[in-house]
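Q: What follows is the residue order along each chain.
There are 2 protein chains.
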Amino acid sequence: MHNTAFCRVCFLLLFERKVDRSIAKNHMFSRSDHVLVAVSGGKDSLALWHVLARQGYQTTGLHLSLGIGDYSAQSRDKTEAFALARGLPLIVRDLQEVAEDISIPRVAAFTNRRPCAACGKIKRHCLDATALEHGFTVLATGHNLDDEAARLLGNVLHWQQDHLAKQQPVLQPVHPKFVTKVRPLYLTSEFETATYAFLSGIDYVIDECPNSVGATQLLYKAMLNRLEAEMPGTKHSFVRDFQRVAQPVFAATRNTPPGDCAVCGMPSYGTVCSFCSLVAEVHAKRERARPTA
Amino acid sequence: MHNTAFCRVCFLLLFERKVDRSIAKNHMFSRSDHVLVAVSGGKDSLALWHVLARQGYQTTGLHLSLGIGDYSAQSRDKTEAFALARGLPLIVRDLQEVAEDISIPRVAAFTNRRPCAACGKIKRHCLDATALEHGFTVLATGHNLDDEAARLLGNVLHWQQDHLAKQQPVLQPVHPKFVTKVRPLYLTSEFETATYAFLSGIDYVIDECPNSVGATQLLYKAMLNRLEAEMPGTKHSFVRDFQRVAQPVFAATRNTPPGDCAVCGMPSYGTVCSFCSLVAEVHAKRERARPTA
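These protein sequence lines are chains A and B, in that order. Residue numbers are given in the working numbering: position 245 of the first sequence equals residue 245, and the series is strictly consecutive. Residue numbers are given in the working numbering: position 284 of the second sequence equals residue 284, and the series is strictly consecutive.
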């Protein structure tokens, strides 16, 4: 943030102002919007919810219970305790209620794939569907600068033009069933967010998701941390200048809006959306795995 | 190249075919062109010159003597010995003859800057000017896949749109005083080039330039090597897919061709080209450094 040491009170004030400015400057939402905040129970999403509530925004939390053993149980407990202590409304959705056998360990077991990609797909679908169902117009997530930089590096290493075109702190809906998606912490480093959460007395899940061991995102983060150590400010300028210089160039190349998924009716670039394809794959593999009587 | 072990003869054949295919596929030049090959005395440029000569292309080497002590003396010796042994024509230019006090150590001493950026500028100018002066139409350099990937990573981390627009294996002249610039080894890894040079019995300078210690390019290379170890093929797809997907997008955003430098007359995007600006800076600082009588 600044190459300066601040006392607790000043740091909290500066952090909150920085987030508020990011919201205003990028036209993310105003105090008349009712914002759905995706909260995992980790430092970033709880810090975001905390800032938004303190700044007088109308918020409701949405926690997805992923079924990843103790990690998910602890995440849900911390999120519920956070909401209860502050009197903030919280929606909790259990993946098992969304579709049969779609908890992350079941999906991983049936598809024999690394769970992270499937987990991302499932979470995106559930966040979109819940926001639509409850009539929210804005969905906020706690992605921080380190997340954004790692995602950008991955998109760039594979030159995923579609992903580059969509990597924005504010993603306006390209389909009537989508809501505006915003990332108010996109220029706030993981270190700053952790400091804010700690100094605010937020009790968050410290453990990383057990599935993240060896995840590509962590490798990208390690690389970027090494660069940052040698050239401070690299992550910030990488993400900020992408938004300024390159993202508009990629955005200009995209022009096909999504249609409707034939199964669930949510926006989809194919006939069936990737969530419903995944559900179908899991169900087909489960049937094949069943012993024939 | 391939995840297979080859005998010496097969490796040499495959390497040469790969380079030849890269030249043909990218329409770099044909056997009727007379190609000026920039040769530093290192493995990449000597390997390139060797392949081109063996494949029946008409080539002349161009060696720039940079004045970096033993390193430059050894580089010149190895290059001259290589040309002599094969009966290949070689032009040698000493930076001290191009402009006064423009050898790399003098420039570094007078400008108090890391020498690598100045060295790049000086070499580019001298290569362009020599190609023009001798009437060559194609200038080939030995940049390998590792060089291209590191350069691309640097351009991407800083989102240098102009540099991204120009990063191509074939750069067509955008000014009548420019020649076509080609990089036939752009998809050939450093490891492959070193193996080719070794198996061909090429005697090259093994030492890195003494100025390169701590250079940003080496940090980028180390990062990319770490990624490559975890995800083999990363460098290749990073560079190849950039050319396929992203480079055209950036190229489409550029439209101002260079004018003529007011001092040397070579192509320049400003009133005075960056080489002449550097010469002027060095001369001004030298004058100021002189003891007044």
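Calculated from the structure, these hints are not laboratory results. Please read these numbers as outputs of a predicted model, since none were measured by experiment. Just so it is clear, CB atoms sit at the ideal spot from N, CA and C, and this is done for glycine as well. Possibly wrong hints are sitting among the right ones.
[What the hints assert, rightly or not] What follows is a list of derived Cβ distance ranges for each label pair:
(1) A:T4 - B:V213: 26 to 34 Å
(2) B:A251 - A:H158: 16 to 24 Å
(3) B:H175 - A:A222: 38 to 46 Å
(4) B:H175 - A:P248: 27 to 35 Å
(5) B:E133 - A:R124: 42 to 50 Å
(6) A:V263 - B:C7: 51 to 59 Å
(7) B:R86 - A:F191: 55 to 63 Å
(8) A:A222 - B:L171: 32 to 40 Å
(9) A:V272 - B:S277: 56 to 64 Å
(10) B:F191 - A:L218: 24 to 32 Å
Q: Work down the list of hints and note, for each, if the structure agrees.
A: Each hint tested on the structure:
1. Between T4 (chain A) and V213 (chain B) the C-beta distance comes to about 32 Å, which sits within the given range of 26 to 34 Å.
2. About 20 Å separates the C-beta atoms of A251 (chain B) and H158 (chain A), a value consistent with the hinted range of 16 to 24 Å.
3. For the pair H175 (chain B) and A222 (chain A), the beta carbons lie near 43 Å from each other, so the given range of 38 to 46 Å is met.
4. Taking the beta carbon of each, H175 (chain B) and P248 (chain A) are about 28 Å apart, inside 27 to 35 Å as hinted.
5. As the Cβ distance of E133 (chain B) to R124 (chain A) is approximately 59 Å, the hint placing it in 42 to 50 Å is violated.
6. The hinted window of 51 to 59 Å between V263 (chain A) and C7 (chain B) holds, with their beta carbons roughly 55 Å apart.
7. Between R86 (chain B) and F191 (chain A), the C-beta spacing of about 57 Å keeps the proposed range 55 to 63 Å intact.
8. Roughly 34 Å separates the CB atoms of A222 (chain A) and L171 (chain B), a value that falls within the hinted 32 to 40 Å.
9. V272 (chain A) and S277 (chain B) have their C-beta atoms about 59 Å apart, which keeps the hinted 56 to 64 Å range intact.
10. Remark: the range hint 24 to 32 Å for F191 (chain B) to L218 (chain A) is upheld by a beta-carbon distance near 27 Å.
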